[in-house]
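There are 2 protein chains.
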Amino acid sequence: MGEVKKIKDISLRDIEIKDGFWTNYINLVKNVVIPYQWQALNDEIEGAEPSHCIKNFKIAAGEEKGEFNGHSFQDTDLYKWIEAASYILAAYPDPELEKTIDEAIDLIGKAQQPDGYLDTYYIIMEPENRWTNELAKHELYCAGHMIEAAVAYYEATGKEKLLNIACRFADHIDEVFGKEENKLPGYSGHQEIELALMRLYRAKGNEKYLNLSKYFIDERGQEPNYFNLEAEKRAERIGKEAVLKEHYYMLVQDGYKYMQAHVPVRQQNKAVGHAVRAMYMYTAMADLAGEIKDEALFNACKILWENVTESQLYITGGIGSSDYGEKFTFDYDLPNDTAYAETCASVGLVFWSQKMFGIDQDSKYADIMEKALYNGTISGMSLDGKSFFYVNPLEVWPEACENRQDLMHVEPVRQKWFGCACCPPNIARLIASIGKYIYSQQEDKIYVHHYIGSDAKFNVGNANIKLTQESNYPWQGNIKFLVTVENPVKFTMALRIPEWCSNAAVKVNGNILTMDIITKKGYAEVEAIWCNGDVIEITLPMTVEKLQANPNLRKNTGKVALQRGPIVYCLEEVDNGADLADISLPRDCSLQAEYDSNLLDGVTMITGEALRSHMSDWKGKLYKRAEYNTVPIKIKAIPYYAWANRTPGEMIVWIREC
Amino acid sequence: MGEVKKIKDISLRDIEIKDGFWTNYINLVKNVVIPYQWQALNDEIEGAEPSHCIKNFKIAAGEEKGEFNGHSFQDTDLYKWIEAASYILAAYPDPELEKTIDEAIDLIGKAQQPDGYLDTYYIIMEPENRWTNELAKHELYCAGHMIEAAVAYYEATGKEKLLNIACRFADHIDEVFGKEENKLPGYSGHQEIELALMRLYRAKGNEKYLNLSKYFIDERGQEPNYFNLEAEKRAERIGKEAVLKEHYYMLVQDGYKYMQAHVPVRQQNKAVGHAVRAMYMYTAMADLAGEIKDEALFNACKILWENVTESQLYITGGIGSSDYGEKFTFDYDLPNDTAYAETCASVGLVFWSQKMFGIDQDSKYADIMEKALYNGTISGMSLDGKSFFYVNPLEVWPEACENRQDLMHVEPVRQKWFGCACCPPNIARLIASIGKYIYSQQEDKIYVHHYIGSDAKFNVGNANIKLTQESNYPWQGNIKFLVTVENPVKFTMALRIPEWCSNAAVKVNGNILTMDIITKKGYAEVEAIWCNGDVIEITLPMTVEKLQANPNLRKNTGKVALQRGPIVYCLEEVDNGADLADISLPRDCSLQAEYDSNLLDGVTMITGEALRSHMSDWKGKLYKRAEYNTVPIKIKAIPYYAWANRTPGEMIVWIREC
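Protein chains in written order, with UniProt numbering: chain F, 1 to 658; chain W, 1 to 658.
Just so you know, the hints here were simulated from the structure itself, not pulled from any lab data. It is possible that some hints are incorrect.
It does not matter which identical chain is meant; a pair holds if it fits inside one copy or across any two.
Stated by the list, open to error - Below 20 Å or equal to it, Euclidean Cα-Cα: the simulated EDC-like pairs (lysine to aspartate or glutamate) are: (1) K621 to D331; (2) K161 to E96; (3) K208 to E175; (4) K18 to D94; (5) K110 to D171; (6) K546 to E657; (7) K204 to E175; (8) K621 to D362.
Build out the structure end to end from the sequences listed, making use of the hints.
If you want it as structure tokens, here you go:
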């Protein structure tokens, strides 16, 4: 691992997305989500639960009077909004939006306390009790999101005001937390600050932030557990019962596993607890491991990666199969209907995947990232950008969601906004920053992780390179890269061969290359002295695949999921009638893919022949002797991410075979 | 319906069970359950949660000091115990047991208030607040169980002391409740009094009790809803919030559907709400409808029967598919793993079935009763009589039960006793009274519902008849009846042809009868002048059947359940290895039945060839392209009722087909 050459992510200022698929999403975020969320933050949306977020800042800044309202982490809604808006700004300058953000930053600055502290809940409600409840409150989590926003805005605009606010807060945190005797030996109940400090470290080049991040990661889960120490102190003040009550929800089933603080991080070998917390922590762990070449930390990341991807990952890229605790449960426990699979957790999986690549240049990380990007993340947002899913189930029976308590968390239709509004801004910031995930540069090697139409600028040695990527991905698998250089430049193009593709082909200026020779850890590496106008083409034949789940995944035995390219499909009632569980696919069924520009903003659908029961056999009967009378039917499958954009109804990903 | 001739159930004093299957169970109840429960009622069981039941009575009787403890319906534990013990006494005189019961009755008598009132919770804790909270407290429910105990003890021993106590209480209730201006127009939040009053009416021949039962049934669900009136009154005293809080659990999802008081009972057409409440109410409705020839009431019963048996019944006879509210949900919602299927609810289904037969002499009622008797009721008790299931799931993955909040109600092993100890005494009283369900008499026709070895006495005209029934049911389907009469007697034997049997045969003194001619509504009716020593034989060939579920029952599509005779089978991990969901049965598989006297106290097991996946294909993989590599395996299925009596592990009823 000491040998790994530094991986550089591309800056959003160096890439312009021109993609049939993602440009639509970015436009939604730019034109619908960001303006809508700004209104939401300002409590200007009629009928929606008020956010109170900006109002909290105004009260903390002394501009208004009142009480704090909302979750203790309400501040992050503004920070995540600034972060998403900044990513948009980086590619699409917009003076109006920039002015709005600057005003918000001014407000944040006014709310900041003289010592750098900034958390509107504590400023307004309990100024004397700062840093007394890291388990349940979210000061460090808020700080992390503020830092991410600050770095994003700085990178987009070059403006330092928010970055300075963030540094002052980070400096204050550095004074409060640490192993030194005069500091609190604590860390956050909700990880986020760790990954944010890594970003701040890179933005400012200041190792203090790296060290602080490392401290938080190293200290987590050590004995005596800080949360116990903290609880004892708080119990002296508010009583033991009150402390227990505060923590009950989080800890009743899992103890400190809930926030991955049950053992030190290097000893963790199963993904446990709250999935979003886990993802943010693993992201920071991988980032740090790569940065400081920490083998033990990387090994922990690798073991956790294997556990998640080999035992706890929905085929959609969803993670966290339990509503209660929004958490991982145990290996192979991936129920389809009671799934949680929070949008934010899949967004976090994208972050983690990117950082894993930083320490191990294997395509498996981008494979999983792709799975999440095209399925379980964007399923969180409607095609009009106006409604959102927290929970991304793989099987929905609306009547059951309405009537069964154990399915109350599953919504058959996307909701406008949430009291705890973490998912909409999280999906927005992911989409707005999609450009960051397409390429990585490792000295003179350019990795292409994702096939997303774009113009991207690179610098190898002193030469400027522009790569123009064109495709109809994810619907078609032929992708073309055009190289624009002033003079010939030697560099390597490393093109990911997706795990779903078994016969990829690469051509350079029309000449077919031998894949066996050039493929290394899932990337087809083409080293050349590239000239202006050179064309690299990769063909990834997309066939409709029937995938099975590991037989230990008990709910999916005897079933298949349809996938074509990176897209996982589902059946919806609107296309296939109710009672989707009755549909079965013969093993030898033929399935066709066809692009329909009128369907769901343009998707490739899959059609085929399947079977249903003769319902007339069943009149008035609940059980009877086995018979095998079936009726042939046509089925139509649509991309999973696009479900619930038409008439509400049943949906299934896993289809029974017969 | 006006034409229906009176149906008479057999008295337990007229029947002696001599059955390979049930005698074991009765002995367990007699020798293990009843003594154990008596100790439990007296808080004499080490390590078990104390019941406090007898202590409550002693405090109410003024014999001890202290507070009431336990649920507000704790009294019923004693009543149900007396009822079960009385059924045992009826067949097995036991002066020791009778003395114990008499002492308990003395105690109950001392606790009774001068006006007849008797509920230890209110007597001890809130004497001024009697009859103010019929929704959530259980005074009438307790009264009902006391009446049932009193009738049972009276019928077993002829002693009237408890019956008189019960009458005094019932008379008091009659003075308190009713449509008259000076009475409360209320009814119970937990039905039970209605069916109990019907029993009291028959025991005493006093129409007052019939009319009171009819009042409770008629008034239920009328507008303005009594529970609202009552809540308003209580709110004046304890505040609105306190009232809401009391009712929150029950009402949050379903309102008065929870206790079937959302509309008048004659308008109810779907089984809703708490399943035990529903069963007790439907039992009373059917009993009353038969007694007073109330066509509208019978029609409601019939519609509800159809709804339950055609849309909301587990194949085991389990009902109520939701843990939350222990309730019915909606048609075809019968998940196997998150099932509730409370033992008490299936016991209630037996009661209801019997009363339905009273108004419609169709075998379908006894078919369902049989299903519940041999499967979902006795599954509630271990083979040693020492531990119990509340919840009777059809699929168990112990790791999921331990780790998933939505499966916390499912125990993979039976528990010793429960804080709310309704199921153990309920299963005990059912088993102890099994003789009541075998025969019905309608003038000169003797219906045989169940094939349970026994000697039974009947009276037709003035003639005494003894029927001796012999069989190895449920393992073998050849049953023999021997008629003992002093002189030849004309009567009809009506033998149920179980729904699971397609080629039954009946012989009289060796002569085969023509089934088509003699079968009426599922009973083979043999009218004859019977002589002493006549022999009637019925043969019910038992083949291993694969049953499918209605395709609307989404969780079972593509699966079959194995049944032989009335017994539903399951696979257990101890016999078949873990990951039972991976096992699939080829459609043409051959399945063998074999009796094993050493297995589970002697059961017929089913063995056959099935398939499992090649697990070596799956190392480190969660999803992959569909392949169909299988390994042949042997499976062994055991009766569902006997599951969880060996090494704990996975269990499934529904087996995948391939």
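Right, here's what the structure says about each hint:
Within a single copy, K621 and D331 get their C-alpha atoms only as close as 38 Å, which misses the 20 Å cut-off; across copies the closest is 12 Å, which meets it. Taking the shortest alpha-carbon separations for K161 and E96, only the intra-copy value of 18 Å comes in at or below 20 Å, while the best inter-copy value is 89 Å. Taking the shortest Cα distances, K208 and E175 sit within 20 Å of each other inside one copy (11 Å), while across copies they are farther apart (82 Å). Taking the shortest alpha-carbon separations for K18 and D94, only the intra-copy value of 18 Å comes in at or below 20 Å, while the best inter-copy value is 90 Å.
Only within a single protomer do K110 and D171 lie at most 20 Å apart by alpha-carbon distance; the minimum there is 18 Å, versus 76 Å between protomers. Proximity of K546 to E657 under the C-alpha cut-off of 20 Å is found in both arrangements, the shortest distances being 10 Å within a copy and 19 Å between copies. In this homomeric assembly, K204 and E175 come within 20 Å of each other (Cα to Cα) only inside a single copy, at 18 Å, whereas the closest approach across copies is 85 Å. For a Cα distance limit of 20 Å, the shortest separation of K621 from D362 across copies, 17 Å, qualifies, whereas the shortest one inside one copy, 54 Å, does not.
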